[in-house]
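A.B. asks: Okay, here's what each chain looks like letter by letter:
There are 2 protein chains.
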Amino acid sequence: MNKEQLYNFKEAMIYSHKLAQISKALWKSVEKDWQNWIKDYGLNINEHHILWISYHLEGASISDIAKFGVMHVSTAFNFSKKLEEQGYLTFSKKEDDKRNTYICLTPKGEELFLSTLNTYEKSQFSIYTASQPIKDLYGKFPEFPDLMCIIRNLYGEDFMSIFNKLEDKFEAELNATSEDEPELAGTHS
Amino acid sequence: MNKEQLYNFKEAMIYSHKLAQISKALWKSVEKDWQNWIKDYGLNINEHHILWISYHLEGASISDIAKFGVMHVSTAFNFSKKLEEQGYLTFSKKEDDKRNTYICLTPKGEELFLSTLNTYEKSQFSIYTASQPIKDLYGKFPEFPDLMCIIRNLYGEDFMSIFNKLEDKFEAELNATSEDEPELAGTHS
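These protein sequence lines are chains A and B, in that order.
Under the UniProt record's numbering, the first sequence has 159 at position 159, and the numbering climbs by one with no breaks.
Under the UniProt record's numbering, the second sequence has 147 at position 147, and the numbering climbs by one with no breaks.
Isolated chain A (complex conformation) (with noise of 0.2 Å):
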């Protein structure tokens, strides 16, 4: 190994290994906070995460739901044929597309999952108060470019919509719920 080689070497080791421990530290307290919000619903973090983006979708494709919740085909299938197996989800088939099967959530499943939203509580969120003193100090919660680029890099654009789709469907729906407060939309949006 030359030199150049040597301190490449040593800098993407350093690097990787940096990136990997922020990742997993990160994941883990998500992952632990997730649980402890939904365990009462008896859903596991993949299911819910299936729920979730059915939800905002609107009608996903087995691989839509592995895509965007970051598991397995055989994981997305497997979990959403169990939650199909409760009532909370059906398989079908499009009109325009009969070769994919997509599942929509039944009013049933609907319901559990806006019943989860409403339990949520972002004190119980550790991201969410490490995070509140960039907020107090910035005025904003921080958007991380540069990790956004490099998730963009990892699994394309495309992946990249979800943020979006979130954002958009719960600011549809919470301006309808505060219909009966029009000052909402028009002081935040």
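Put simply, identical chains are the same to the list, so a pair is met inside one copy or across any two.
Listed below are the simulated DMTMM-like cross-link pairs for lysine to aspartate or glutamate, each with C-alpha atoms no more than 25 Å apart in a straight line:
1) K10 to E58
2) K140 to E11
3) K32 to E110
4) K18 to E58
5) K140 to E121
6) K18 to D168
7) K3 to E121
8) K82 to D64
9) K67 to E31
10) K3 to D168
11) K10 to E47
12) K122 to D33
13) K67 to D33
14) K135 to E157
15) K135 to D146
16) K10 to E31
17) K18 to E47
18) K10 to D158
The set of hints was computed from the structure by calculation and includes no laboratory data.
Computed from a prediction, not measured in an experiment: that's the story for all the values here.
With chain A fixed as given, assemble chain B onto it according to the hints.
C.D. replies: Just chain B, lined up with the frame of chain A:
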């Protein structure tokens, strides 16, 4: 829920979801590449992480392993025990601390760990290749100050020391390796 509560709820939910999605996506990518890297050595990620931490701390307690490896104490203990049975490490007491059990790599364990490092191939680490365009653009790898702040708030100051420990030890070793090439330290440190 009044207007402000509703807005805060929406903001918290969107932010938490975004960070959950980011950290799952990152960790699943790291996990896959890490597994691929070490699979030929008959190690899993937890075992490799234990070897890594023991190597860098030069004597780590089970609670050090659990903390820096972001794993349960029982996971840290069970996998350490397995590595001990294979002759890769030993459990011992320190002269000045009879209460805690410390883990030390055996020469066989150190050899195994160093041979994994030798087969580390940065092009096989997607997080590395996905970060390369940022380096090409800005001349250096991203440092994630917001994320490091969040992790410091989540895990405490002590947790952050693992990043420097790794860097220092690499620095020392690689400089030692390149003693016949004295320019290295001068050029890049």
